[in-house]
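S.K.: In the order they appear, the protein sequences are chains U and D. For the first sequence, counting from 1, position 195 maps to 1149 in this note's numbering; every step adds exactly one. For the second sequence, counting from 1, position 99 maps to 104 in this note's numbering; every step adds exactly one.
It should be emphasised that the hints constitute simulated quantities derived from the structure, not laboratory data. Where hints are given, some of them may not hold.
Label pairs and their in silico Cβ distance ranges [claimed, not checked]:
id, chain 1, residue 1, chain 2, residue 2, range
1, D, Glu133, U, Gln1019, 52 to 60 Å
2, D, Arg171, U, Thr1018, 21 to 29 Å
3, U, Glu1009, D, Gly23, 48 to 56 Å
4, U, Ala983, D, Glu193, 48 to 56 Å
5, D, Arg159, U, Gly1118, 31 to 39 Å
6, U, Arg1122, D, Asp142, 53 to 61 Å
Here the structure is a predicted model, which is why all the values come from computation and not from measurement. We put the CB at the ideal spot given by N, CA and C, even for glycine.
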Amino acid sequence: MTEAVESLYRSFVDQDPAGAITVIESARAGGLDREQLFAEVFVPATAMLGLAWAESRIDEMTFTQAAVVAEQVLSFVTPQAAAADTGITVVVACIEGELHAVTRNVVVAALQEAGHRVIDLGVDVGPGTMLEKLEETSASILIVVAEQMGTAQAVRRVVDLLDGVGRRDVVVLVGGGPFAADSRLARSVGANGVVRGAESALTVVARVIRDRLGGEE
Amino acid sequence: MSARTTKAMLAEDLSRAGRTGSAVEACVVALEDDPNDPIAHALLAELLLREDFYDRAIAEATEAIECDPSCAPAYLVLGLGYDRRGGMWDQSVLVWHELAEVVPDLVTAHVQLGEAFSAASFEGEAIEAWTRALELDPTEPRAMYDLAVAALRREGPATALPGFRRAGALDPSQDELFLDIVGVSGSERVPPVDELPDDRDARLEAAAVYAAREDFLGATEVVRKVLDRGAEDARALALAAYAYVKQEADNEAMACALRALQIAPDDAAALYCLGVVYAKRPGLYRQAARAWATLAYAVPEHPMPHVLLAEALVGLQRYARAREAYLVAVRLDPACVRARFGLAAVYVTEGRHAEASWEIRRAAYYDTKRKDLFWRLFDDYVGGGEE
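Sequences are here, hints too, so could you generate the full structure?
M.R.: Following this line, the structure appears as structure tokens:
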């Protein structure tokens, strides 16, 4: 590893981006992931650059140009911001009559960021459309959002429809103010769980994947 | 615009001196003499708001405006009174709209107008008001935070995060953290670079002061002199890193900060610079969170490391932990606007919208207080009367 660090440092100072990328590629071929490449190769090489500048072994111009090369390499070693594709499809919708979309927006964004394949059906969605999309995408998780008592009760229709067509395998999660305030309401409409916000959505979906779909979180 | 009576002046002096009880009495006496004195009504309204008597503050501010519809400080108290009382968003919208007309270049009026629109669920109008505020002052962080929270509601955390980062970059309190760590305020008197004594500590103090005054070339030149005497100087490297950070030379900053941390792993100044560089890159939120957590441990009494840690945790979708970090920041500094907005954002992700609105209202209260807005408007109003 020391050799890779020193080679990367030399590539920085020699203003050799191709050489720097070769060092990174070869370390990657040796089995390092991005997180390790960053921590074990890029960081120590950059610290060496700081040391060389502090000791005046490189001048200001070389320091700046070396930093430009470091920038070119950084995208190869920075861990990916969004998680890798989990392969799990989640259908999310606001129930028919429900036009308040804040909870849905937040849940959709959080699930997407976590690498799930999210089918966002929007607001005011009827049970038939939800079933159609579940069939089309082979999804097994449905999140239905309702923010008012009246629309919350209507989630029962979705569960009844899924039961009626023999899709009891679909995990129905509910979200929105009424369900967050009273979890008995979720049980009364036949839901499998309650999503209380972004982090809760990630936790509950991860649990469903682990317990019901036989996958890893 | 109105001339002050002697009794109103006494009330004003007492109020500015923080003698609330005596100031209230003086206002009452002034109003006994002249029940139509808008200045005494406005002062009394502010004093009542200060003590959380919202309804009475609203009544006095309304009286002041009835006496003189151009009494800008009274509009401010009236709007803040409505906002803090809650549930009066239609009146609040009208008041902030009026204030924006009376003082068209008052950025805070547009920010508050947007927040009142948002609380009344007029999101489109709210966004227009915040955009107008940013047109008047592109460095207004509260309008930026408001827009970020609105983006969070519309499209979720991923879209909102860049807005929070931009707002954070406009926030001077982040730089104040660094200056606190290195122990300068920027107002110290230091000689020019060529006249500095040949002493490490004096040079580093001067470099920090130069950096605080945004003379980054001066700061780097002095740091270089220190490093030429001894390259194993973590604090000198951290100051160099800060100068690079402020010039957006992130990789040079990272190189200096990482080297500084090899020498002194707990150097708070270097940790700060490294955290700033990492936090700019979405893929490095985990590393940023580690840097901020270590910094929070190193300077536990300062709210900003907890805010920065919370922001990195939001980037990692660790909302519950982010909430805890924001709450620590708010406990340390209830007036920390950035922490209040961050907390509001986390509450939105948890579907706790009432608590989110409450945090935004508290941020507004502390922000106007910090800016001393009442007295600025009051001085302009009274000054206009004397011309």
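S.K.: Each hint needs a verdict: does it hold in this structure or not?
M.R.: Evaluation of the provided hints:
Checked against the given bound of 52 to 60 Å, the beta carbons of Glu133 of chain D and Gln1019 of chain U, roughly 46 Å apart, lie outside it. Checked against the hint of 21 to 29 Å, the C-beta distance between Arg171 of chain D and Thr1018 of chain U comes to roughly 26 Å, which is consistent with it. For Glu1009 of chain U and Gly23 of chain D, the hinted distance range of 48 to 56 Å is satisfied, since their beta carbons lie about 55 Å from each other. Taking the beta carbon of each, Ala983 of chain U and Glu193 of chain D are about 54 Å apart, inside 48 to 56 Å as hinted.
The supplied range of 31 to 39 Å is met by Arg159 of chain D and Gly1118 of chain U, whose beta-carbon atoms lie about 35 Å from each other. Checked against the given bound of 53 to 61 Å, the beta carbons of Arg1122 of chain U and Asp142 of chain D, roughly 58 Å apart, stay inside it.
Violation of the numbered hints given earlier is confined to hint 1; every other hint is satisfied by the structure.
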